[in-house]
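A.B. asks: Got chain P; can you put chain X on it based on the hints?
2 protein chains.
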Amino acid sequence: MAEATIIDGRALAATVKDALTERVHQLQAKGINVRLDAVLVGGDQGAHLYAKNQAKACSAVGIEYMLHEMSENASQAEITNTILELNENNNVTAIMVHMPLPSPVDASAIQMLIAVAKDVEGVNPANIGNIVFGRRSLVPCTALAVLEMIESTGVEIRGSRAVCVGASTIVGKPVAVLLMQAEATVISTNIHTKNCDDLMRSADILVSAAGVPKLITADVVKDGAVVIDVGINRIVGDDGKKRTVGDVDFSAVKNTAGYISPVPGGVGPMTVAMLLRNTVQAAETTN
Amino acid sequence: MAEATIIDGRALAATVKDALTERVHQLQAKGINVRLDAVLVGGDQGAHLYAKNQAKACSAVGIEYMLHEMSENASQAEITNTILELNENNNVTAIMVHMPLPSPVDASAIQMLIAVAKDVEGVNPANIGNIVFGRRSLVPCTALAVLEMIESTGVEIRGSRAVCVGASTIVGKPVAVLLMQAEATVISTNIHTKNCDDLMRSADILVSAAGVPKLITADVVKDGAVVIDVGINRIVGDDGKKRTVGDVDFSAVKNTAGYISPVPGGVGPMTVAMLLRNTVQAAETTN
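Protein chains in written order, with my numbering: chain P, 18 to 304; chain X, 18 to 304.
For the record, the hints were derived by calculation from the structure and aren't laboratory data.
Just to be clear, a hint being listed does not mean it is correct.
Repeated chains share a single entry, so a pair holds when one copy, or any two copies, can fit it.
[Unchecked claim] Pairs of lysine to aspartate or glutamate residues, derived as EDC-like cross-links and limited to a Cα-Cα distance of at most 16 angstroms, are as follows:
id, residue 1, residue 2
1, K271, D123
2, K231, D214
3, K211, E173
4, K211, E200
5, K271, E168
6, K271, D25
7, K69, E81
8, K34, D214
Isolated chain P (complex conformation) (with noise of 0.2 angstroms):
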């Protein structure tokens, strides 16, 4: 058996961007300024660099990065009016809130809040439930990327079996929705799955969104089946050094499947790719 391809999200996030420089390129020439008006609530060291990383990935694209800075005392009100202000700002397209948000705010109900049409990480519960009633919307991230990844591949989705592996209410679900929508024949397994190894062998795209190292081995993989690894986990390797792997066991799977996406380099850069996209699609719907 020929060794898989692989899914290099690095490289499908690269083509995504060109695409998306392009369609920046043509909203300006039509004089409209692509935003992401980002608010940040306190934050720590981390959170701010993350921003700043964004705002470089936005600035890539010719995306304008907005930080709405505010106290890590910000009360409930404080930032529901922030986010009223920007949703009724037409000058603000696409827009998003840094989570975690600090206790006692309640981050669901901030989300709630965000327009429908400006809500670019599909955090509003409207976006996901848009896609389970067959409209047209502004998708979650992750299962967009998740989506894009096996699209990506060729391998028609319509009939094919999609067997998702966890059922988090950030990844497993949406995705799972996201398959049905596509007509996929979708599988949702959990920790309370029985002959969870028989459903995963059938499955002619397995999608992992685990947290569980080594979960998805080689065994459990049909020949070709396109595999999806979601897991985000920090290890200490045998070396003795920390470092990120998926929930598949790659280089065991590598042999069995058809096509399989890495962790680093997989669904991360395509989840970004997925925000820059989503925030072009809302400036053109906008305007």
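C.D. replies: What follows is chain X alone, placed relative to chain P:
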């Protein structure tokens, strides 16, 4: 093998309604009137009869039914204004809009406007989206009815294998989402599914929402399975008379299944009961 236990939708609905009558009394004792505000735009004789029956169902548990009738020529803006007024009115805790709306009104846009906390039919996508995100919410009534009927059997959903036949936006997908939330292993099938019979045979819980008479035959139902029939099909019987049947070959499957819901008298009456329960829940939550 003993015959399956019938999941009697009318009897279950009656039990639900008894409990609701008590909850309505408790609210009234606190001076709170429970009301369902329904918007009917145009509508033929059938639509008015439907509304009248709904009023009767509400009245039976002590819920006031206020019908807002609008001209069949009402514009998008006029219907929007009616919804926004109801959203803002503190005396209104439950809102529903009768479908279909006359063309060219955009029904989805109207449904998205209904305040999430007052949306007792669960048609605002934010409500099913909240379920995807693992939050408490007002659940679409038919999907909720299916879950309640499964729960009525006492069969544990967590860890069981649930197969949803049909992935419609109205029933199949929302039911799959609810079953994921209940920690079942969920298999969503559609017309493109390969080896669908094998999947159905593996189901501890089989929900059919395909709209195909006699799709579910005895040979695809596991001994002892819970079978919920959401199909509503009008057929001409051997006697030349029209009648309503589900997707399940009831007379054969009842010898295989452990529990089975009939059509009529199954999901239908429970769906009405769930609308009433959502209405009471909305009044309790708001007050």
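A.B. asks: With identical chains treated as interchangeable, where does the CA-CA distance between K211 and E200 reach 16 angstroms or less: within a copy, between copies, both, or neither?
C.D. replies: between (24 angstroms within a copy, 12 angstroms between copies)
A.B. asks: Between the shortest in-copy and the shortest cross-copy C-alpha distance, which are at most 16 angstroms for K34 and D214: within, between, both, or neither?
C.D. replies: Neither. Shortest intra-copy (37 angstroms) and inter-copy (43 angstroms) distances fail the 16 angstroms Cα cut-off.
A.B. asks: Using 16 angstroms as the alpha carbon limit, work out where K271 and D25 are close: within a copy, between copies, both or neither.
C.D. replies: within (13 angstroms within a copy, 51 angstroms between copies)
A.B. asks: For the identical chains here, do K271 and D123 meet the 16 angstroms Cα criterion within one copy, between copies, both, or neither?
C.D. replies: Neither. Shortest intra-copy (43 angstroms) and inter-copy (48 angstroms) distances fail the 16 angstroms Cα cut-off.
A.B. asks: Are the CA atoms of K69 and E81 at most 16 angstroms apart within a copy, between copies, both, or neither?
C.D. replies: This pair counts as within: shortest intra-copy Cα distance 12 angstroms, inter-copy 55 angstroms.
A.B. asks: Cα distance capped at 16 angstroms. Does K211 pair with E173 within a copy, between copies, both, or neither?
C.D. replies: between (28 angstroms within a copy, 13 angstroms between copies)
A.B. asks: When Cα atoms must be at most 16 angstroms apart, do K271 and E168 count as within-copy, between-copy, both, or neither?
C.D. replies: neither (19 angstroms within a copy, 42 angstroms between copies)
A.B. asks: My question is about K231 and D214: at a cut-off of 16 angstroms on alpha-carbon distance, are they close within one copy, between copies, both, or neither?
C.D. replies: within (13 angstroms within a copy, 32 angstroms between copies)
Hints 1, 5, 8, counting from the list given before, are not met by this structure.
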